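> Based on the hints, put chains B and C in the right spot on chain A.
Here's the letter readout for the chains.
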Amino acid sequence: MSLDPATVRRIAKLARIRVDEVQMEALRTDLNSILGWIEQLDEVDVTGVEPLTGGTQMALRFRDDVVTDGGIAEAVLANAPDRNGDFFGVPKVVE
Amino acid sequence: MLTDLTLAQARDGLRGREFSALELTDAYLAAIEALNPRLNAYVLVTGEGARAQARVADAALARGAHGALTGIPLAIKDLFCTEGVRTTAGSRILESFLPPYESTVTANLLRDGAVFLGKANMDEFAMGSSNMTSAFGPVTSPWTRAGDNRALVPGGSSGGSAAAVSARIALGATATDTGGSIRQPASFCGIVGIKPTYGRCSRWGIVAFASSLDQAGPVARTVEDAAILLGSMAGFDAKDSTSADLKVPDFAAACRRGVKGLRIGVPKEYRSEGMPREIEALWQQGLQWLREQGAETVDVSLPHTKYGLATYYIVAPAEASSNLARYDGVRYGARTEGRDLAELYENTRAEGFGAEVRRRVLIGTYVLSAGYYDAYYLKAQKVRALILKDFTDVFAQVDALVTPTTPSAAFAQGEKMDDPITMYLNDVFTVPANMSGIPGLSVPAGLDAQGLPLGLQVLGKPFDEETVFAVSAALERAAGFTALPGIRAGG
Amino acid sequence: MAYIIQGSTGAWEVVVGLEVHAQVISQSKLFSGAATAFGASPNSQVSFVDAAFPGMLPVPNREAIAQAVRTGLGLNARINLVSRFDRKNYFYADLPQGYQISQFEHPIVGTGVVEIELADGSTKHIGITRLHLEQDAGKSLHDQHPTKSFIDLNRSGVALMEIVSEPDIRSPEEAGAYVKKLRSILRYLGTCDGNMEEGSLRADVNVSVRRAGEAYRTRCEVKNVNSVRFVMQAVEVEALRQIAVWESGGEVQQETRLFDPNRGETRSMRSKEDAHDYRYFPDPDLLPVVLEQGWVEQLRAALPELPDAKQARFMAEYGLSRYDSGVLVAEQATALFFEDVARGRDAKAAANWVTGDFFAALNRTGRTIENPPVSAAALGKLLDLMADSTINGKIAKEVFEAMVETGADPAAIVDARGLRQVTDTGAIDAAIDAVIAANPDKVAEYRAGKDKLFGFFVGNVMKAMAGKGNPALVNTALKARLG
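Chains as they are written, first to last, in the working numbering: chain A, 5 to 99; chain B, 103 to 593; chain C, 14 to 496.
Here chain A stands alone, though its shape is the one from the complex (with noise of 0.2 Å):
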């Protein structure tokens, strides 16, 4: 499997993170590696196999519905690089 630049490209944009095209060969060439050296999977057979959901198996619980927690806003907005009153504030989005 190997990725081309639009591909990169187009992950990166995908999480967020900014790739110069200084950057971009040497990041290419890392990711194929790795992405060659997982295909090593390929050999193993899975058929009837079901995947595992967390280590090790244990049921799901729940919560009483009690307001347990908010109110807090001022720790909530105490590390925010931008902020505005009693909101964070963020380049304007336009819908």
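Please note that the accuracy of each hint is not assured.
[Said to hold, decoys possible] Straight-line distance between alpha carbons at most 20 Å, and here's what the computed EDC-like set of lysine to aspartate or glutamate pairs gives:
#	chain 1	residue 1	chain 2	residue 2
1	B	K408	A	E43
2	A	K17	B	E453
3	B	K370	B	D401
[As the list claims (entries may be wrong)] Which stretches of chain B does chain C cover? Using the computed rule of at least three CB atoms under 8 Å from a CB of chain C, they are:
#	stretch
4	159-172
5	196-202
6	308-319
7	332-342
8	466-476
9	539-548
For the record, the hints were derived by calculation from the structure and aren't laboratory data. Source: prediction; values computed, not measured. For each residue, glycine too, the CB sits at the ideal point set by N, CA and C.
Frame of chain A, contents of chains B and C only:
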């Protein structure tokens, strides 16, 4: 010297009032000041906080009201969120993050009276086997090869934790293991490290890398020390849906059980190509030690062992690509501006994440992307089930397995950096335990020809850390490993 | 009667499927313990889990699961005892995790059906494909600052049920009827308050068009439509837009659009272009959801009587028409009110009064059924006064208006205003005599054969009696006197 005491010895000394917690903490702070500039094991030293905690510990000890770890000074891997104390996960993108909450594991340690010396350096977002990818500089191992003064790696991702314990600038440390990040650095640094069963320790408040693999565990000087620490760290947490609702056994007591009558499996697939003969020899030596103490060794097969790494390098990056999507410069962490929202994200993440993290996030994004999910992620989860089945089948006949921890001793900084895969191969023996969730411990067993530590790995049944401790303690007794690194407190 | 749009090249059919997002009624969020109440100050109902801080983990809310099961039962749908939460990965300002926890391959509820009734009295079944639970996103405000959007995460993590219909809807009317019926069921169940203005019920409208007998063509999704009226309008304008594209030789592109009610048109949503690759995978922080059949049965046993069953019962028990029953059961509170009035009384009269004068009074006074100007007990008493002939129907209307205005007891109003019906035949005869004497020409015309004039006499006699004459007695007496 106070820093020569093991955790168990220091605990007894404190309870016997032979010295104070403040004296013990000050001894460690002085050691850190002397040695951390060379090792870079700590990214943050919390001296004032530690001394304040030590004073509180002394008051408790005076009243006779001590907890399991009262006054014991520890290093905390910078992946654990510590309330009000900077937590970076080794990344530029969290370089000024102050968590408003304490992780459950570190809260447990504080509950038991521990003193926190500072935050330990690590590979960025726990992705690495050398502690070379930290945004805050690499960690240097306190060990060097005989006749060679090149800086060596301590292993990773918990390189800072392992180096600190090994160099005696921490009495113990917390660490995490996703593909071997506790056991491999423990092996490289000649100390003990255990990854407990998945679900034994809570993941709440630990910066997530790969959710179905991450587990917290201790690194320490002795098997007993590790057992004491794990006893405090472990326990059910309702805030973590993958936490096991099981009572925490007395791990320290299990260390004294002995191995008489135990059946120890020797998996033939744990010989890697080009593995140094010394490691094979040490492995055989370890098995002999166990037989001498009354255990039986049995050859077994774990046929899917060789697929563990490939499976890991699909599952872990996939989960990481999703877990790291939250680092976008909006609610916390570093931010690089952009003209629009997409650019904000792209710039922030390109500048905030290092090269290894970017690689793995992209791999993860790719293997989950449309058209590839079945071929990669789904297939890997099925192979994972086969890896677990290998262990389940074998554990019907044996009580534990013993293998080498790593295919080599520590290497020099800058080695194995040419292509990612060479680095990934470090984890070939450790990864299967993460893929299957079973517990694994590395105990120092010997030195290689260049005087570098080699560890043996003990693998156990799910939630049977007690047998793992029993076997490890037996190996430790027989090995009589007393070697110390060149760089250490009092050295 | 099929809904057909005549284009320039022929007739077109409209195919509509609806994805309705219903906010679950619960105290706390789906995966965190923060509160869900509407209208709180920004970021005050946000936990570190909702804000996706490092190391935070989801823990599911039992009541949200129960509400989804109740809703599935109310939709006559299959409850999947084993289901799974998956991550839907995409980046957006109101999505702090960079993924939404949803359900992809294994939703908690499977196929079901909803019956809708149309204006011409016909009914139709609309299939439900599935219902799943997912997290709601936060809110972005784009008009608070010239260059920034502001993010409020109060809504982030609130439990949503996404209810997906089969593409069985074929007209704006059907679409509107479906949303109304769904809303009614959810309100009966208490699983969602259905408040579209506040956003607790929103519809994504999938529209495509085709010639009769063709396979499905490309559809577009019109997102976040927040009223029944807008849903119906969106169907219409989007269908027209697509028809225009096809007829001009173009091809409809699959895309996400927004409905602009001011302009009466849909427009493309730029920001969602490449959001198609969601990279779904099972959330590794959660385990499979496994429900006990016994628990589901307990939930089923505790469900209230739902609109369809209640409607059928009203028709059978009270002899009401399908239409009247439908009106009365649309809201559970109305149905309860009606039954309080109808108990032990003439149900048809009760139905007429509730759907007629009472509803009109609600509209006029702007009050609600939860806080009515006239209680069910009071209205019942008014009906009793008619049933025992104390007053006639016309006087009753006057009394009712007084009850609405003053809140006074009907019997007290009748006495205070002297509105008792007159049954004294002597008084009736006297009034009739007076009217006959005053209108000899009309009497002659009537006796000559102009039967229609009877109403004139009735009206005048009643006027002479200030409306209080017993209509039946007046009729009988008049007939006798006029011949």
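> Look at each hint and say if it fits the structure.
We went through each hint and held it up to the structure:
With a C-alpha separation of about 13 Å, the suggested pairing of B/K408 with A/E43 holds against the 20 Å cut-off. With a CA separation close to 15 Å, the supplied pair A/K17 and B/E453 stays within the 20 Å bound. At most 20 Å may separate the alpha-carbon atoms for a hinted pair to count; B/K370 and B/D401 meet this at roughly 7 Å. Coverage of the stretch 159-172 of chain B by chain C is violated [criterion: at least 3 residues with CB-CB distance below 8 Å; count 0].
Only residues whose beta carbon comes within less than 8 Å of a beta carbon in chain C count, and the stretch 196-202 of chain B has 4; three or more means the coverage holds. Here's how the stretch 308-319 of chain B fares: 6 of its residues keep a CB closer than 8 Å to some CB of chain C, so the rule of at least three is met and the hint holds. As drawn, the stretch 332-342 of chain B meets chain C at 3 residues by the rule of a beta-carbon pair under 8 Å; at three or more, the given contact holds. With 5 residues having a beta carbon nearer than 8 Å to a beta carbon of chain C, the stretch 466-476 of chain B meets the requirement of three or more and the stated coverage holds.
Only when three residues or more bring their CB closer than 8 Å to a CB of chain C does the claim for the stretch 539-548 of chain B stand; here the count is 0, and the claim is violated.
In terms of the numbered hints stated before, the structure departs from hints 4 and 9, listed from lowest to highest.
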